[in-house]
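Protein sequence lines, in the order shown, are assigned to chains A and B. When you line the first sequence up against UniProt numbering, it's residues 1 to 394, in that order. When you line the second sequence up against UniProt numbering, it's residues 1 to 405, in that order.
By construction, these hints were calculated from the structure, which means they are not laboratory data. Predicted model, so just to flag it, every value in this text is computed and none were measured. Watch out, some of these pointers could steer you wrong.
Listed below are several chain A residues computed to face chain B (Cβ distance under 8 angstroms; list not exhaustive) [unchecked claim]:
#1 Ile171
#2 Phe184
#3 Ala212
Pulled from the structure, derived: some chain B residues nowhere near chain A, Cβ distances all over 12 angstroms [as the list claims (entries may be wrong)]:
#4 Leu86
#5 Cys106
#6 Arg133
#7 Lys191
#8 Asp266
#9 Arg280
Each residue gets a CB set at the ideal place from its N, CA and C atoms; glycine is no exception.
Here's the letter readout for the chains.
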Amino acid sequence: MPLSRIASSSHASNLLKPLSAALSLCRSISSDSTSTLTIETSLPFTSHKCDAPPRAVDTSASELFSFFRDMATMRRMEISADSLYKAKLIRGFCHLYDGQEAVAVGMEAAITKKDAIITAYRDHCTFVGRGGTLLEVFGELMGRTCGGSKGKGGSMHLYRKQASFYGGHGIVGAQIPLGCGLAFAQRYSKEENVTFTLYGDGAANQGQLFEALNMAALWDLPAILVCENNHYGMGTAEWRASKSPAYYKRGDYVPGLKVDGMDVLAVKQACKFAKEHALKNGPFILEMDTYRYHGHSMSDPGSTYRTRDEISGVRQERDPIERVRKLLLAHDIASEKELKDLEKQVRKDVDDAIAKAKESPMPDPSELFTHVYVKGLGAESFGADRKEVRATLP
Amino acid sequence: MAALFQAPTAFSSSNSLDSNKFNHSPSPRSLSERKSSILTVRSDARSNPLLNSAAHKPHRFITNAVATKPDTSLASTSSKPGHELLLFEALREGLEEEMERDPRVCVMGEDVGHYGGSYKVTKGLATKFGDLRVLDTPIAENSFTGMGIGAAMTGLRPIIEGMNMGFLLLAFNQISNNCGMLHYTSGGQFKIPVVIRGPGGVGRQLGAEHSQRLESYFQSIPGIQMVACSTPYNAKGLMKAAIRSENPVILFEHVLLYNLKDRIPDEEYVLSLEEAEMVRPGEHVTILTYSRMRYHVMQAAKTLVNKGYDPEVIDIRSLKPFDLHTIGKSVKKTHRVLIVEECMRTGGIGASLTAAITENFNDDLDAPIVCLSSQDVPTPYAGTLEEWTVVQPAQIVTAVEQLCQ
Chain A
1 MPLSRIASSS HASNLLKPLS AALSLCRSIS SDSTSTLTIE TSLPFTSHKC DAPPRAVDTS
61 ASELFSFFRD MATMRRMEIS ADSLYKAKLI RGFCHLYDGQ EAVAVGMEAA ITKKDAIITA
121 YRDHCTFVGR GGTLLEVFGE LMGRTCGGSK GKGGSMHLYR KQASFYGGHG IVGAQIPLGC
181 GLAFAQRYSK EENVTFTLYG DGAANQGQLF EALNMAALWD LPAILVCENN HYGMGTAEWR
241 ASKSPAYYKR GDYVPGLKVD GMDVLAVKQA CKFAKEHALK NGPFILEMDT YRYHGHSMSD
301 PGSTYRTRDE ISGVRQERDP IERVRKLLLA HDIASEKELK DLEKQVRKDV DDAIAKAKES
361 PMPDPSELFT HVYVKGLGAE SFGADRKEVR ATLP
Chain B
1 MAALFQAPTA FSSSNSLDSN KFNHSPSPRS LSERKSSILT VRSDARSNPL LNSAAHKPHR
61 FITNAVATKP DTSLASTSSK PGHELLLFEA LREGLEEEME RDPRVCVMGE DVGHYGGSYK
121 VTKGLATKFG DLRVLDTPIA ENSFTGMGIG AAMTGLRPII EGMNMGFLLL AFNQISNNCG
181 MLHYTSGGQF KIPVVIRGPG GVGRQLGAEH SQRLESYFQS IPGIQMVACS TPYNAKGLMK
241 AAIRSENPVI LFEHVLLYNL KDRIPDEEYV LSLEEAEMVR PGEHVTILTY SRMRYHVMQA
301 AKTLVNKGYD PEVIDIRSLK PFDLHTIGKS VKKTHRVLIV EECMRTGGIG ASLTAAITEN
361 FNDDLDAPIV CLSSQDVPTP YAGTLEEWTV VQPAQIVTAV EQLCQ
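Modelling step: build the complete structure from the supplied sequences, incorporating the hints.
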């Protein structure tokens, strides 16, 4: 099957390798697979203190296909993480992103790897979107040396410096000032890049968000604050935590946009619009109206504060992968069978990555003391139990 | 970066000493005395045309330098006498030199720019380097500290000033979780070369909230280094070392020490962040201190000398990690330790130091370690009460007398 062979060539490597060359081997995909398709977003954008971007989004067959593949991989990865957690191979905190994949994938489509992204603890899919491999994710989740942070960070601390992905932060809201710092550095070095600082509806009530927003607006920093509003701050619904749940308006003097976060094309359009705005005029707020199927984390069943009908209702009507599947079928870009085969291949890729990660060793005990300090310039540290000795005592 | 040459003992590096800097012949003194002479090691420092051209620049780069007491016969390192300035000017000089040397160094804090800094440490820098490099922030410690850390993740080298150290309590989360731990949790991907500095300590009737000593709160954060400066000489040297370090460094200054006047060398010098300073070599008792208490100790030392004691005074300077090498050598010589600090009694630097010395040098101690610290009370406003919260020279004298019985 040509499609499965194509998909396996990208196994364990960068997920975002362009498929256009590979796609031309496929019979049912039209030969002009990179020609522009214009598709309307499902809902109009709501704006605050700015003009909304148009609903018509330019995309292409190959891009839509890549959206499907990437989101399917992310979905499968998160579901597998669920099973691994229940098998006690992943411990501690594990916050799953399934349902919200469109935000990660749509954002990547609008920006480059020089633009920075920083997010909170629900970071597995954002990491993968930035070029992280499945092996690195599963390795880190299981605490092995092949993990992205060598097993020392865990689920909430995935980073990828070369792709300008700054993590992965456990404390709610603490990444927002860091994100403004990234934007400050971009302005300082006069790079034409932007920073996307992601946070949730729960973090939207943190004081440091407004402090950081004030500074970003004061100095025209190219910071785009993205509120991934999945409507629940752990177990508290947004209407019970926020007096004003219109998070895109909370910036007051900072313009904002409300986006259907389950529509990957809308996310792409909004991020592109926000980037252009931020480079010229300073900060921007995006509110992504999205939903998570799992609970807040693996220790939360996710059903005590919302009904199962609500979850399945969203899954039926707004699921991001289903939406793209329908688009692919409607525009004759791929057939039903090909998509199913792709999903099978994705499943296999994920299972292979898990198997490989399981083989990777746990970190050596000496790794406990590495990377506490940066070596060099006389910065060896003694440590409380004197593991590092600079000179022998007389 | 120039390779630093660290010599565990003073004269083992004599073959690399630059002879015309070392203008006296080594006289037979005790080892501790020798260690206090200034080591000038010529490293392969790249010639930097941006160095300030105040005096003539022979490109001598003094690393691993330890200050001598001004009134010993070991004169200053060179034939040139150096220049006199106040401590805050020394800090500013160090800061300015580093900002000229590396365009990635920037300052952020409240009133550091146009106002010139509430203690004048950054005076004139905004006019020279611009508003972006000397950034006036709004009063939002948590987020501007976070902003500095985020900027450091990309490679900038910010110096974050807390107008008073006590205000940095608001930024504790950023300092502890992001500053200290990011290098570890990212598996070494990100370095956080920030310097967090500010005045702390008990001043003149500033009240409880403005007289805090935060070294005790920050000392358990893994991944950071802490240093405390006490003289213009070590203030400039430590400031420069902190800026050049790839690790996050917290530099503790003291409100009452900003107007200390002293002579410092004209040549560029950088001190080691992990080294303690031998202030006064002696034989009978080791007195460990830092920051302002150094002056109380030296005052007490005068009385003690008159009474016939010979205290060895060490300014530990590096609060995390402790320089157990210098301290250990001293303990093995005198066998008695007195710690004098301004920190609170409970959980302070003295408490950790006592534990570290007991763990490592218990066999060398003839008497239990005595630790004099501030009382566990909020600092009162009334002058007499405030005097009683911190350690006074008379108490130090009494403690030494009791220790040496």
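How the hints compare with the structure:
1. Among the interface hints, the one on Ile171 of chain A holds; its C-beta lies about 6 angstroms from the nearest C-beta in chain B, closer than the 8 angstroms criterion.
2. Restraint check, Phe184 of chain A versus chain B: the minimum CB separation of about 5 angstroms is within 8 angstroms; hint holds.
3. Interface restraint check: Ala212 of chain A against chain B, minimum CB-CB distance 5 angstroms, threshold 8 angstroms, status holds.
4. Leu86 of chain B, annotated as away from the interface, keeps every beta carbon of chain A farther than 12 angstroms; the closest lies near 28 angstroms.
5. A cut-off of 12 angstroms between C-beta atoms contradicts the statement that Cys106 of chain B is not in contact with chain A; the least separation is 7 angstroms.
6. Some Cβ of chain A comes within 12 angstroms of the Cβ of Arg133 of chain B; the nearest lies about 8 angstroms off, and the non-interface call is violated.
7. Not every C-beta of chain A lies more than 12 angstroms from that of Lys191 of chain B, the closest at about 5 angstroms, which undercuts listing it as non-interface.
8. Residue-level check passed: Asp266 of chain B sits 23 angstroms from the nearest beta carbon of chain A, beyond 12 angstroms.
9. The non-interface label for Arg280 of chain B is consistent with chain A: the shortest C-beta to C-beta separation is roughly 20 angstroms, beyond 12 angstroms.
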